[in-house]
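Enquirer: Going down the list, the sequences are from chains A and B. Residue 1483 is where the first sequence starts when you use the numbering used here, and the numbers rise one by one after that. Residue 5 is where the second sequence starts when you use the numbering used here, and the numbers rise one by one after that.
Don't read these hints as lab results, they were simulated from the structure. Quantities reported herein were computed from a predicted structural model and do not represent experimental measurements. From the three backbone atoms N, C-alpha and C, an ideal C-beta is built for every residue, glycine too. Mixed in with the good hints there might be a few duds.
What the hints assert, rightly or not - Heads up, simulated DSS-like pairs for lysine-lysine below, C-alpha to C-alpha not over 25 angstroms straight-line:
1) B:Lys-49 / A:Lys-1589
2) B:Lys-17 / B:Lys-87
3) B:Lys-49 / A:Lys-1527
4) B:Lys-49 / A:Lys-1521
5) B:Lys-87 / B:Lys-49
Stated by the list, open to error - If you only want the chain B side, here are some residues facing chain A, beta carbon under 7 angstroms, derived:
6) Gly-50
7) Leu-51
8) Trp-53
9) Thr-66
10) Pro-67
11) Phe-100
12) Ala-106
13) Leu-108
14) Asp-109
15) Trp-111
16) Gly-114
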Amino acid sequence: DIQMTQSPSSVSASVGERVTITCRASQYIDGWVGWYQQKPGRAPKLLIYDASSLHSGVPSRFSGSGSGTDYTLTISSLQPEDSATYYCQQSNILPTLFGQGTRVEIK
Amino acid sequence: QLQLQESGPGLVKPSETLSLTCTVSGGSVGSSIYHWAWIRQPPGKGLEWVGKIFYLGDSVYTPSLERRATIFIDASKNEFSLKLSAVTAADTGVYFCARLGAGLDYWGQGRLVTISS
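Given the sequences, and given the hints that come with them, work out the whole structure.
Expert: Printed below as a string of structure tokens:
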């Protein structure tokens, strides 16, 4: 079965800092990767689809990159409202899988 | 604006069947473009894919739930539903319905289901 390994599990950064979250798949997944932001008690929100496409209405400080087995979500300049848990998701190989999540905290 | 809303019992007894419905407004579950999905989240844990369905009725499930889960679609009511049989405490969590296009782009607010006698 395919595995998705997301890292780090948590990160603490200051406002304005750059934050990078990585997902590694155990098999080639051809760019079918999404990234989601979830705040406590709320449904997740789509940030990035197809590895690097910004979903409508999402601030441009969020970006995605990667190919093959390795994918990255970058927040270029962390804002207070970005405090949340972030998940990657692959949908190229069944079963669809989410990463374990990364909690982003503001220092 | 597309909206999804989960409904169903918030408390289910062990060994019984969990039944949830997702009502879609502002769009059609009969669309040939999108799949419709269920995702769940145990308390304090991460997201788990349950399964998805296409408007023709084709459904796919995560292997660990395949024997117990059924997703079906009712285009006349513009809704899709999840049934999960023989539930245990491990099935407790928030259940989300969502639209799957290029990513899960619209989500319901989630329905907390507790498995307890």
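Enquirer: Hint by hint, note whether the structure agrees.
Expert: Here is how each hint holds up against the structure:
1. B:Lys-49 / A:Lys-1589: Since the Cα atoms of B:Lys-49 and A:Lys-1589 sit roughly 23 angstroms apart, the hinted pair holds (cutoff 25 angstroms).
2. B:Lys-17 / B:Lys-87: The given pair, whose Cα atoms are some 14 angstroms apart, holds under the 25 angstroms limit.
3. B:Lys-49 / A:Lys-1527: 17 angstroms, holds
4. B:Lys-49 / A:Lys-1521: It holds: about 13 angstroms lies between the C-alpha atoms, which stays within 25 angstroms.
5. B:Lys-87 / B:Lys-49: 22 angstroms, holds
6. Gly-50: 5 angstroms, holds
7. Leu-51: Hint on B:Leu-51: holds, closest Cβ of chain A at ~4 angstroms, below 7 angstroms.
8. Trp-53: Holds: closest Cβ of chain A sits about 4 angstroms from B:Trp-53, inside 7 angstroms.
9. Thr-66: 4 angstroms, holds
10. Pro-67: Hint holds; B:Pro-67 Cβ to chain A Cβ min 6 angstroms, cut 7 angstroms.
11. Phe-100: Holds. Min distance 6 angstroms.
12. Ala-106: 4 angstroms, holds
13. Leu-108: Hint holds; B:Leu-108 Cβ to chain A Cβ min 6 angstroms, cut 7 angstroms.
14. Asp-109: B:Asp-109 check passes; min Cβ-Cβ to chain A is 5 angstroms, inside 7 angstroms.
15. Trp-111: Cβ of B:Trp-111 sits 4 angstroms from chain A, so the hint holds.
16. Gly-114: 6 angstroms, holds
Of the hints listed earlier, there is not a single one the structure fails to meet.
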